[in-house]
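Go by the hints and put chain B onto chain A.
2 protein chains.
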Amino acid sequence: MAKEKETDVLIVGGSAAGLSAANSVRAWYPNKRVAVVRNVSYTVIPCGIPYIYGVLNSVEENKISDEGFLKNGIKFIINEVVDIDRKNRTAEFADGSKIKYERLVMAVGSKPMIPPIAGTNLSNVFPVLKDPAYLQGIEESLKESEDVVIIGGGFIGVEMAEQIRHKGNCNVTLIEALPRCLMSCEEEIGVKIEQELRTLGVDVLTDTLVEAISGDGKVKEVRLSDGRSIKADVVILGIGAVPNMELAEKIGLKVDKKLGIVVDEYMRTNDENIFSCGDCCTKVSAITHKQTPVRLASVSALEGKIAGSNLYKLNQKSRGVVGAFTTKVGNISVGTAGFTKKMCKDNNIDYYEGEITAPDRHPGYLQGCTAETIVKLIFEKKTDALIGGHVIGGVQAADMTNILALAVQQGVTVNEISCIQYATHPLLTGSPLVYQVMWAAENALLTQQKAI
Amino acid sequence: MAKEKETDVLIVGGSAAGLSAANSVRAWYPNKRVAVVRNVSYTVIPCGIPYIYGVLNSVEENKISDEGFLKNGIKFIINEVVDIDRKNRTAEFADGSKIKYERLVMAVGSKPMIPPIAGTNLSNVFPVLKDPAYLQGIEESLKESEDVVIIGGGFIGVEMAEQIRHKGNCNVTLIEALPRCLMSCEEEIGVKIEQELRTLGVDVLTDTLVEAISGDGKVKEVRLSDGRSIKADVVILGIGAVPNMELAEKIGLKVDKKLGIVVDEYMRTNDENIFSCGDCCTKVSAITHKQTPVRLASVSALEGKIAGSNLYKLNQKSRGVVGAFTTKVGNISVGTAGFTKKMCKDNNIDYYEGEITAPDRHPGYLQGCTAETIVKLIFEKKTDALIGGHVIGGVQAADMTNILALAVQQGVTVNEISCIQYATHPLLTGSPLVYQVMWAAENALLTQQKAI
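First to last, the protein sequences are chains A and B.
At position 297 of the first sequence the residue is numbered 297 (the numbering used here), and the sequence of numbers has no breaks.
At position 162 of the second sequence the residue is numbered 162 (the numbering used here), and the sequence of numbers has no breaks.
Bound-form chain A, shown alone:
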């Protein structure tokens, strides 16, 4: 039997959370050895997956290169951890080999939710897995397809629909059970994105339930509960993800059956030598301070960083998540940070709001004026703190959303936002007389005042 391997830090999982944790360990503890175990030949950029089927030319182009990590002294082990002996701090691989560790980070991610309907096991029905070979398989199937059905109008479904339609000549149908797409965003955002998808030629069906997927070995059609059938050579399932926690359960870590491996604000599990981060573990809302099921690569990267920094000394604390999210469909970019009005109502939070629409360059004659940009801000009535910010506009929607993400996280008030001294420039932003972040706050403030 080969000599048992050894590392200081063993990171189980090589996607956003695991890689971020590895970088963080190297930065905070440069003398510690770090090994990352992953069960795929290389790591794909999770948020880039839809673009493989559109603007990118291959799965390979959506790769996170190992090079920088290797240069940084991080080792990769292509294998699968099947068991962990917590007492002896030893992990066991699928091939029976073992590795000793001082600290272990569970960054094992999530897996796609499979809807409880018939036909999900047919060939050419694809949940979205982060495995390069598997993703290449989807590409091959799409090449030979005329009719593609995407089930689920969350961001993966929306982006897949846009990209597949963008690239190919096939008919693309997007099916969402809820009243509109992107239900975690404000209503206007969902409406705008659906419009944009339809303009691109995607058939968007909201409020629509799938009854079954049918075919003969290979998928042939998707049957809806209203009796209609939609032809399908390929079906993509994008209805959400569930945390991977089988290994954690097996070794006796505390888990929440719905939300994942239980961690504290330092990303510690109930084993002092095991931390967890990313899609597989629990998260707390920065607004309600309650558990929340947000799963985003940016959250994973943040948590990986925090976990890595805390392995040998508590250096950083999670401040909770605000669900900051952004995407682009056609020419429209959107972003959301914090609560929607619906979430306020669901959480019994009294709120008020302010909104503004203005061009994102000035004067309007300037070429490069990309879009009318709408910012809508939602403030908690009791505290006047920003609890939700929503952006529809041009390419700056992402960083504008991040202004709002910071403001939500910090509990910045309506007065403080409406008096920020912001930078503007004709070629880069809207006019100072209408800079959206500030003036939406001013409009919110005005709703709370009686005019003289």
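What the hints contain is simulated information worked out from the structure, not anything from laboratory work.
It is possible that some hints are incorrect.
Listed next, the in silico EDC-like pairs over lysine to aspartate or glutamate satisfying Cα-Cα at most 16 Å (straight line) [as the list claims (entries may be wrong)]:
no. : chain 1 : residue 1 : chain 2 : residue 2
1   : B       : K317      : A       : E221
2   : B       : K111      : B       : E246
3   : A       : K250      : A       : D85
4   : A       : K317      : B       : E416
5   : A       : K231      : A       : E221
6   : B       : K290      : B       : D264
Only part of the chain B face toward chain A is listed, based on derived beta-carbon distances under 10 Å [what the hints assert, rightly or not]:
no. : residue
7   : S24
8   : L56
9   : T282
10  : G323
11  : Q409
12  : T429
13  : N443
From the three backbone atoms N, C-alpha and C, an ideal C-beta is built for every residue, glycine too.
Only chain B this time, still in chain A's reference frame:
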């Protein structure tokens, strides 16, 4: 003699501060009549002036249309206020006519600084005034020019140099007395912008003093203190601005001879019925809480808004300025909020810093990856609060700068920034593993910790 005119609110000055104040009065006090006095036929976008000579086709294209203001019930008076009877609350115009007011807002702006050298009065030597007819005159002169010299490497000088070079076939020389352009920004920003200007064919001379401008009625050359002479058909002066305060002094308002009309945080002068905002009045730094000579259209718009809201009831307070500023030269966009390292040293503030460079899209293969983006953050050692943020990159530099402007204003700490949950997307931002705002903070944090 005609009946004396009357308004509730008289705003003297129709540029960014005055127009913003007018909008603010209409919003906060919809029953109050508002009149804006200006001495030009229409208002030009102040930050857009350089673009008249480049990407825009006329002065007219850089106009702020009166239409929206007129619709909003705001009156314009094209005239000049020459005196104010504070006791009787009556302003007198150049033509001898008068107008009564309840509240008056002095938003009279600044005028270009004229360097104390010979020849500034020659024809074709142009300080940059915000008068459309005058600006059209510059355009006519530029059309017939082969050699253009711009004196002053601040943002107006830099933008004028870029735009004039961009449009015409003329030789453009930019002269700066200090060691580099954009001295209010971090050194790297100045260096990068100078490189970009040189790539565009602008001759940039830093550390260079102008001794005199000479010619025969019309300018012919610019003589440097090192003995060289530079041919010049047109000279643009862009060396700064001084507050307009003659009228304020005349009517006995308190002024600071260098910094302008003295106002408090509510934008009140020492006359309870007169407020002031914009380039003509004093400002306080949000960092040092001392007077600061920042003059930007975004500050003017903010101050106008605050002044307008306070005229009949104190509603809003200035939180001070952070000098948030952004510009674009060639393909490079830059931004600064708060202090540079030099300003820290000048103010005896101990600091530490963190920096990161990363592409602004992910993966790099994506078309639309516009630029490597550099973010540098400067934290105060005593408080760990962000006191300066600096961005070099693509078109998102502006809104990224505004994240930092908010953080500086709120005194957000290195820990808080390094744990923000930010939104990322392949088509819109860098990778979550390198999102610049957060990771620059993490790198700063790491410099303050001992590794285990």
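Cross-check of the supplied hints:
1. B:K317 / A:E221: violated, 63 Å
2. B:K111 / B:E246: holds, 11 Å
3. A:K250 / A:D85: holds, 11 Å
4. A:K317 / B:E416: Distance ~9 Å between K317 of chain A and E416 of chain B Cα, so the pair holds.
5. A:K231 / A:E221: holds, 4 Å
6. B:K290 / B:D264: holds, 12 Å
7. S24: Nearest chain A Cβ about 8 Å off; hint holds.
8. L56: holds, 6 Å
9. T282: Hint violated; T282 of chain B Cβ to chain A Cβ min 15 Å, cut 10 Å.
10. G323: holds, 8 Å
11. Q409: holds, 6 Å
12. T429: holds, 5 Å
13. N443: holds, 8 Å
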